[in-house]
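Single-letter residue listing:
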Amino acid sequence: MELTAPTHVVYQRPESLADVPTSYCPGCTHGVAHRLVAEVLDEMGVRQNTIGVAPVGCSVFAYNFFDFDFVEAAHGRAPAMATGIKRLLPDRIVFTYQGDGDLASIGMGEIMHAAGRGENITVIFINNAIYGMTGGQMAPTTLPGQKTTSSPYGRDVEQAGFPLRMAELLANMDGSGYVVRRSLHDPKNIRLAKKAIRTAFEAQVRGLGFSLVELLSSCPTNWGLTPKDALTWIEEKMVPVYPLGDYKVAPSLASLKV
Amino acid sequence: MAKELLKGNVAMAEAAIRSGLQAYFGYPITPQTELLEWMAERMPLLGRTFLQAESEVAAINMVYGAACTGARVMSSSSSPGVSLMMEGISYIAGTELPVVLVDVVRGGPGLGNIAPSQGDYYQITKGGGHGDYFPIVLAPSNVQESIDLMVLAFDLAEKYRSIVVVMSDGNVGQIMEPAELPPFQPLKTVYPDWAVRGAENRAKRTLSSIYIKPDEEEVTNFRLLERWHEIEANELRYKEYFLDDAEIVVVGFGSSGRVAFSAVRAARAQGIPVGLLRPITLRPFPYAPLAELSKSAKAFLVVEMNAGQMLDDVQLAVAGRTPVEFYGRMGGMVPYQGEILAEIMRIASESIPLEGDPRHRWAQRVNYGRNGHK
Numbered sequence: 011m012e013l014t015a016p017t018h019v020v021y022q023r024p025e026s027l028a029d030v031p032t033s034y035c036p037g038c039t040h041g042v043a044h045r046l047v048a049e050v051l052d053e054m055g056v057r058q059n060t061i062g063v064a065p066v067g068c069s070v071f072a073y074n075f076f077d078f079d080f081v082e083a084a085h086g087r088a089p090a091m092a093t094g095i096k097r098l099l100p101d102r103i104v105f106t107y108q109g110d111g112d113l114a115s116i117g118m119g120e121i122m123h124a125a126g127r128g129e130n131i132t133v134i135f136i137n138n139a140i141y142g143m144t145g146g147q148m149a150p151t152t153l154p155g156q157k158t159t160s161s162p163y164g165r166d167v168e169q170a171g172f173p174l175r176m177a178e179l180l181a182n183m184d185g186s187g188y189v190v191r192r193s194l195h196d197p198k199n200i201r202l203a204k205k206a207i208r209t210a211f212e213a214q215v216r217g218l219g220f221s222l223v224e225l226l227s228s229c230p231t232n233w234g235l236t237p238k239d240a241l242t243w244i245e246e247k248m249v250p251v252y253p254l255g256d257y258k259v260a261p262s263l264a265s266l267k268v
Numbered sequence: 003m004a005k006e007l008l009k010g011n012v013a014m015a016e017a018a019i020r021s022g023l024q025a026y027f028g029y030p031i032t033p034q035t036e037l038l039e040w041m042a043e044r045m046p047l048l049g050r051t052f053l054q055a056e057s058e059v060a061a062i063n064m065v066y067g068a069a070c071t072g073a074r075v076m077s078s079s080s081s082p083g084v085s086l087m088m089e090g091i092s093y094i095a096g097t098e099l100p101v102v103l104v105d106v107v108r109g110g111p112g113l114g115n116i117a118p119s120q121g122d123y124y125q126i127t128k129g130g131g132h133g134d135y136f137p138i139v140l141a142p143s144n145v146q147e148s149i150d151l152m153v154l155a156f157d158l159a160e161k162y163r164s165i166v167v168v169m170s171d172g173n174v175g176q177i178m179e180p181a182e183l184p185p186f187q188p189l190k191t192v193y194p195d196w197a198v199r200g201a202e203n204r205a206k207r208t209l210s211s212i213y214i215k216p217d218e219e220e221v222t223n224f225r226l227l228e229r230w231h232e233i234e235a236n237e238l239r240y241k242e243y244f245l246d247d248a249e250i251v252v253v254g255f256g257s258s259g260r261v262a263f264s265a266v267r268a269a270r271a272q273g274i275p276v277g278l279l280r281p282i283t284l285r286p287f288p289y290a291p292l293a294e295l296s297k298s299a300k301a302f303l304v305v306e307m308n309a310g311q312m313l314d315d316v317q318l319a320v321a322g323r324t325p326v327e328f329y330g331r332m333g334g335m336v337p338y339q340g341e342i343l344a345e346i347m348r349i350a351s352e353s354i355p356l357e358g359d360p361r362h363r364w365a366q367r368v369n370y371g372r373n374g375h376k
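As given, the protein sequences belong to chains A and B, one line each in that order. Under the working numbering, the first residue of the first sequence carries the number 11, and numbering increases by one thereafter. Under the working numbering, the first residue of the second sequence carries the number 3, and numbering increases by one thereafter.
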């Protein structure tokens, strides 16, 4: 007797994600961000045409978790490295995947000038308000009053300055084609984040210049919160400081349906 | 092809273009800037990539990315800019990528000045960036050699997946001389099997300098070392002048080697049995030929535009068998032929001690800084 029934696959590993365990902590939203990028590249059919640039930070091993060509940059230099690749291979999809320490601190020069040049690359920017890999130090995006191992009394803005709002900053560059901020704290926002990632890559395909999606992300381990509480912390603490929204959308993208 | 009157920096740029250079990334700095300007003018006309980066840090990382595609790529700078590039150079070494870099060395430390110097010898020849690696280092002493070594640099870089530094200086970069440019090589159309260009119908490739497991890093370190031993065995280059019967052996490279050659010829005209060994590859260094010479020579004279950096390597080769003297100019000063000739004549007439530090004897003899203490 035939026991097999017709199957309808509703969920599976995207082809662009390698079948390996990641090095991310339980509850961390890096895994969600990776999956969204992989789904978008699969849906666009560009996996074999894509080159990723991994940063230094928790996602330093991102090249192991995606299943397409990847290079590993020095800390903060991913946009420069991506520039070198894109200038040699302009018909490839080139993106960087960077955290807040990598992009907004040590790599501030490289990211600003990549945007200023209108470098036709896409940047996935993970903002979790802390240095994860080195064990929870203050990042340029750490919230005022937020306790970290290098701001043990809470970030004192008089001494350590203010959080940097990178999406707002980069949207001001003439070379930016698409710059938005999204969050990964609940399913609705994750769906919106995926649409933004798709739009950012579509902007690159259309040659619209620099595109960036900032993703508010959780770091339960270094925030000292459960995964669930960490998601609530994004919504309650981070979103007011880092408002979600579209900061730069090239006119020709406005009518794009993704 | 006929000889043309060419400036060293421009000649190097054009030689690189004719060697099939596909992309140049750089940042302006004197006395190297004509090289970047020539690239800015020529590369777009040829449909190739020129990009002025926001800093040397960015420039070398653009080169790093571009080199990952397997293309022929380069940058150029001068001493302070090369210091900024050292992070990227170490990553490029760790990722085993072919890259060519020109360092038109100027006076230092710090901002120093824009005059010719050889003060980067330690930094360039010993690696410069963090971790265990050697770059191949080529030292031209005139415009024709600058051209020829640029062509060689790309071939060596690709043969050994290595960084090749052409260590020029403010003299060789700025001087104008008749020289012959090489023929145009076709641009690359076939790329190596490690190049990251998109995983079309093949397994993915990654390029990285990270080996998080110490045992794997050690295997990588050994791979680099073994490749270096191969380079040492195959790629040593140096020039010998009047060494067959030389009792005094002068050693100098680049500009100072060129001035030393004039001094050696002048001394020969006066009947002094003196010769010159001019290293072309500063790394690998001609230890063995110098060791051989130390068995017959009565004394060595090392001439440099620094405080005695290659001197260390000559002393390693000579290993105490023969006295070594040093003569240097620093701070962007260039030795005159007469200064070196006077040193040769002095060594010919004096007994030079085996013991002691040649730098101390030199500093006491010349004492240029006597009135310049802060």
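Some hints here could point you the wrong way.
A few chain B residues that don't get close to chain A, going by computed Cβ distances all over 10 Å [stated by the list, open to error]:
(1) 20
(2) 27
(3) 64
(4) 67
(5) 75
(6) 89
(7) 191
(8) 198
(9) 211
(10) 214
(11) 231
(12) 268
(13) 309
Partner residues are not named here, just some residues of chain B that face chain A (Cβ under 7 Å, in silico) [said to hold, decoys possible]:
(14) 30
(15) 49
(16) 52
(17) 54
(18) 66
(19) 73
(20) 201
(21) 207
(22) 209
(23) 212
(24) 215
(25) 216
(26) 219
(27) 339
Stretches of chain A that chain B covers, calculated by requiring three or more beta carbons in the stretch to come under 8 Å of a beta carbon on chain B [what the hints assert, rightly or not]:
(28) 54-63
(29) 76-85
(30) 178-188
Think of the hints as simulated: they come from the structure by calculation, not from any bench. Glycine residues also receive a C-beta, built at the ideal position from the N, C-alpha and C atoms.
Quiz item: Which of the numbered hints are not met once you compare them with the structure shown?
Solution: 2, 3, 4, 5, 6, 8, 9, 10, 14, 15, 16, 17, 24, 25, 26, 27 and 30
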